[in-house]
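Enquirer: Working from the sequences, and respecting the hints, build out all of it.
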Amino acid sequence: MRYVFRTNYRQDLAAWRHRGDVFWYSLLLIVTLLIPMVMGEFYVGELGAVFIFAIAGVGLMLLVGYTGLISLGHAAFLGIGAYTNSVLLSKGVPFLITLPVAGLFTALCGAAIGRPTLRMSGLYLAIATLAFGSIVGTIFQKWTSVTGGFDGFPVPTPYVFGIPLDNATGIYYASLVVLIFVLWLSTNMLRTPVGRAMVAIRDSEISAQSMGIHLARYKTLAFAVSAGMTGLAGALFAHYVRYLAPDAFDVLLSVQFVTIVFVGGLGSIRGAILGALFVRLLPQFIAIIRDDLPFGIGRMPGLEPSLFGLILVLVILFQPGGIDGLWLKTKHWFQAYPLKRATGGRRQKSYARSERLR
Amino acid sequence: MSLFRAENLSVRFGGIRAVDSVTFDVRRGEVFSIIGPNGAGKTTIFNLISRIYNSTEGKLTFDEHDITRIPPHRIAGLGIARTFQNIELFANASLLQNLLIGRHCHAATGILAQMGFLPSARRDELRHREKAEDVIAFLGLERYRDTLIANLPYGVRKVVELGRALCTEPKLLLLDEPSSGLNVEETEGMGFWIEDIKKDLGITVIMVEHDMSLVNQVSDRVMALNYGKVLSMGSPREVQSDPEVIRAYLGGEVEV
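Here the protein sequences come in this chain order: A and B. In short: position in the first sequence from 1, add 57, done, that's my numbering. In short: position in the second sequence from 1, add 1, done, that's my numbering.
To be clear, the hints were calculated from the coordinates, so they are not data collected in a lab. The reader is advised that the hints may include incorrect statements.
[As the list claims (entries may be wrong)] With a straight-line Cα cutoff of 25 Å, these simulated DMTMM-like cross-link-like pairs (lysine to aspartate or glutamate) come out: (1) A/K148 - A/D208; (2) A/K386 - B/E131; (3) B/K132 - A/D208; (4) B/K172 - B/D135; (5) B/K172 - A/E262; (6) B/K199 - B/D212; (7) A/K388 - B/D147; (8) B/K60 - A/D208.
[To be verified] Here chain A is said to cover these stretches of chain B; the calculated rule only asks that three of the stretch's residues, wherever they fall, bring their Cβ under 8 Å from a Cβ of chain A: (9) 80–90; (10) 102–110; (11) 221–229.
This one's a predicted model, so the numbers in the text were calculated from it and none came from an experiment. Beta carbons are placed, not taken as given, at the ideal position from N, Cα and C, and that holds for glycine.
Expert: Following this line, the structure appears as structure tokens:
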């Protein structure tokens, strides 16, 4: 076990726990910066998509994992971000303005949807956000003058300081920058009163209130920040798909986002990234083994969504800590070897609250 | 000079008058205990003071503010902190984080400054941290500082909840059954904390309690309730020898 010897309160405020963290995360950053130089266009594109999903995943993690509110409508926020960005781009607004505007506008939409759903929790909130998702999906289809309806429209190439981001590498770096920004923002939130207020709301609303936390304000804020981050991801997603059509933002995508936070590990920012890796790489994996599966399973329609569903259920039942929890357990096993006890390590606990278990 | 005053406080849930025209005032620097059988309305009074329930009638005055209708999240900022009967800590956070949540009402920086982690937010965090450490030292919780609440024993959690309430720097502390679930030694320890809080920190305490030895140890005045009505008020000895109180507890006339 590594024990951090602390001599100053500032140490607890640092984003890194110790030098080991700085080393490994710097190495990770260098590797991610070098990847486009050694890997093929396809893989760079897919990794860029992982980053985009990780951005949305971090956003949803703040809402689900830290504030304890569920959303099944995050595909709609992704869509709002994507359309805002692309419509503004085609009107000639530069990308460096459309990207933050897409994020801010989606955050506003998030606050607007967060406000009336404040009194709901658990299943009811899930239903309300699901309904919101399908309403927004319908708007994308019907508001043809702006969104192009079912036909959609091609997303214009974004320019950053005169450099066109017209290939996978460009989108890869843009997504990496936004992901780092989002991680920085969420780390800051979690080490200041905002994040603690969110955690307090998750664990006990009644005492959060008695500690002076304005429930409505912080729940709305959590929705807004979560939606805003997803909106940023949406703006990048538009460039990843290159052609915007409403059917990209359906319920299945929302379920994929929820899978990211649950499979990654609730209550862990790192979990959101691991979850995004998992969710984006699973379809690729299925594509590779599809032809080798027996009994023609590989040719059956709906294989992918049903696998997602099955994995989500299995993770909730048997590994509530998700991939991040598994990682912590494994690390603890090696650190404590041969003294590992079944009760050791960080306590595994699910943050998802249901009406029944409350 | 009273710090807190409740006048004709009543609340009805449907046909039940859970609290019925209760009037009492709490003087600065005293420990005021509320006793009574189960369902007498003791916790309901706490929930009315911390504004979780709306009173049907009556007026609450704290430190010359009318707090009868202010929103519940403003209570802590005014200087009223509370603990809960069944411990309402944030179970998936460390002890330190729990105490820091108690500092929420003293946050001096805006949300945007916190999201950007500006120097002002950093300074504010350090200030809160020092205050939280004071409370940790006061209650002797150093060894549990970084432990998750979910992994702490029950007796320690009770003390942590007290600490979280102290972190708000209250003028008035509401303790809802501080000794429930504690063993004899822990209850005694809790009594000493309450005395220290009163003497060293000068905080006024209102306490709901069943354990009469603890009530006798720390209370300056006691109020006995039954079916939402005040039965008796006065020194611990006066209240305990009041025939009405004995009847409420034992259900009939008895010789003492």
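Enquirer: Taking the hints in turn, state whether each one holds.
Expert: Hint by hint, here is what the structure shows:
no.	hint	verdict
1	A/K148 - A/D208	holds (19 Å)
2	A/K386 - B/E131	violated (33 Å)
3	B/K132 - A/D208	violated (60 Å)
4	B/K172 - B/D135	holds (17 Å)
5	B/K172 - A/E262	holds (23 Å)
6	B/K199 - B/D212	holds (19 Å)
7	A/K388 - B/D147	holds (19 Å)
8	B/K60 - A/D208	violated (63 Å)
9	80–90	holds (count 5)
10	102–110	holds (count 7)
11	221–229	violated (count 0)
Hints 2, 3, 8 and 11 from the list above are not met by this structure, while the remaining hints are.
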